[in-house]
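Novice: The lines below spell out each chain.
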Amino acid sequence: MNALCFDTAARKAWMGLLARSSPARLGELLTDLPEHTVLRGPEVGAVMVRGRVGGTGQPFNLGEMTVTRCSVRLSDGAVGHAHVQGRDKAHARRAAVLDALLQTPAAAGYEAQVLTPLRQEETAARALRAAKAAATKVEFFTLVRGEDK
Amino acid sequence: MYVAVKGGEKAIDAAHAWLAEERRGDTSVAELSVAQIRQQLTLAVNRVMAEGSLYDPDLAALAIKQARGDLIEAIFLIRAYRTTLPRLGVSTPVETAQMAVCRRISATFKDLPGGQILGPTFDYTHRLLDFKLAAEGEVPAAPTAPAGQDAVPHVTTMLNRDGLIQTEAEGNATPPDLTREPMELPTSRPLRLQAITRGDEGFILSMAYSTQRGYGRTHAFVGELRIGTVAVEMDIPELGFSVEIGEVELTECETVNQFKGSKTEPPQFTRGYGLVFGQTERKAIAMSLVDRALRWKELGEDNTGAPAQDEEFVLMHADNIQATGFLEHIKLPHYVDFQAELELVRKLRREALAQAEAAE
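First to last, the protein sequences are chains A and B. Just so you know, we're using this note's numbering here: the first sequence kicks off at 2 and counts up by one. Just so you know, we're using this note's numbering here: the second sequence kicks off at 2 and counts up by one.
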């Protein structure tokens, strides 16, 4: 097994990015998967999403969301896990393989090939949405009233 | 009484074949795709996800197509599918304070940090039919404006600074789950919120409306209504840390209600809470009103006997799948039950007639 060349914060970030990515886009960015053994799944299931009473209080069960999970091992021994939103098994498998690849010395290549475009596209999409919201922000102005004259 | 009866297979097969044909409609009209439903009937998709209690827009769109637009039938399909899924885990509670908002309004403060953001709302439209939509056409791009990086704090946090509003009890206790254990009365607030958020929108709306009209009057202001996306995070045991597994769109409503105070509490505002999957504004506002009305005991208020204060009445009748199941089962064969009733009525009539004759 290769030495670990990543930290947990970085891994959390790429796992989240891969989970949120569109399955089709991820498939375009990584067409061929390297040889790997599937350790678990891909399995479709549900995760109970919780909220908090009043946004800050006791947790309560809001409802479930579909999630697909998969774990793989590459030929060099690196193990990758994925929990991705939705029911796309190919998405979960691809995300798990990438999670493993990003722990190997080849990580920089995959970072540039997959993560960078995903991150840029997500940032752009979020910025556009925020900009549209900002355009609907109300600018109040006070009319001059009779008694003010 | 139930008796197994065979027969009708051919009639059922023919009925289902006709249903499929009717669902398709006139074949000279293009077939509707699931993607079109997901993209263009989004609010129907959101309602099916909220009441189906499963966040998956593609599945909800498919269910709407299969149900021919009957949303309660679509919710039924989603609930049935949900039961086939293994539970992979539970999320950490979503952080609605970190929501990427597309809409955020307050009816209590005009100027507030983060501002009033209208978002893609029906409000201020004239509710006149737009015949332009009957023709196909390009939609101009929505305007944009520079977005600030400012946080958009909850309005209740601001009221809280002055101690003018009741704070929510903090905690991390595992909440009860009505999809796992049958609901038992009396309930707790977490269980009530779960039941209401998946409850029928029409029912919750009517219950909320009844409180506004005076049946369990709570006089609510919309302190804040926000719609946007939040990240969903889950602890992954094999990793030993939590990761984001996706994001969901939510509507959150916090009402602020008058409260005269009680033996233990000074006069202050109290809160009602609504949180619903998708862009589901009417439901979230209604949920927060019903939540507040059901808190009368905890807040030491009078029970005026209003339906919205009666948790058994509200929670036992809020679920449209339970209601539909029990309501619609009466159309299924009850031949034997009815034979028994028929026998009984005939016997009573004979006896009544015999008595009348004897009296003459």
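Watch out, some of these pointers could steer you wrong.
Stated by the list, open to error - Under the rule of at most 35 Å between Cα atoms (straight-line distance), these lysine-lysine pairs were calculated in the DSBU-like manner:
hint : chain 1 : residue 1 : chain 2 : residue 2
1    : B       : K66       : B       : K111
2    : A       : K133      : B       : K133
3    : B       : K7        : B       : K66
4    : A       : K90       : B       : K261
5    : B       : K111      : A       : K138
What the hints contain is simulated information worked out from the structure, not anything from laboratory work. Since the structure is predicted, the reported quantities are computational estimates derived from the model, not experimental observations.
Novice: Could you run down the list of hints and mark each one as holding or not?
Specialist: Structure-based check of all given hints:
For a cut-off of 35 Å, the pair hint linking K66(B) to K111(B) is broken: about 42 Å separates their Cα positions. The hinted pair formed by K133(A) and K133(B) meets the criterion: a straight-line CA distance of about 23 Å does not exceed 35 Å. In summary, the hint linking K7(B) to K66(B) is supported, as the alpha carbons are separated by about 31 Å, within the 35 Å threshold. Of the pairs offered as hints, the one joining K90(A) and K261(B) is violated, with about 55 Å between alpha carbons and a cut-off of 35 Å exceeded.
Distance restraint check for K111(B) and K138(A): the Cα-Cα separation of roughly 12 Å lies within the 35 Å cut-off, and the hinted pair is therefore satisfied.
Checked against the numbered hints above, the structure violates hints 1 and 4; every other hint is satisfied.
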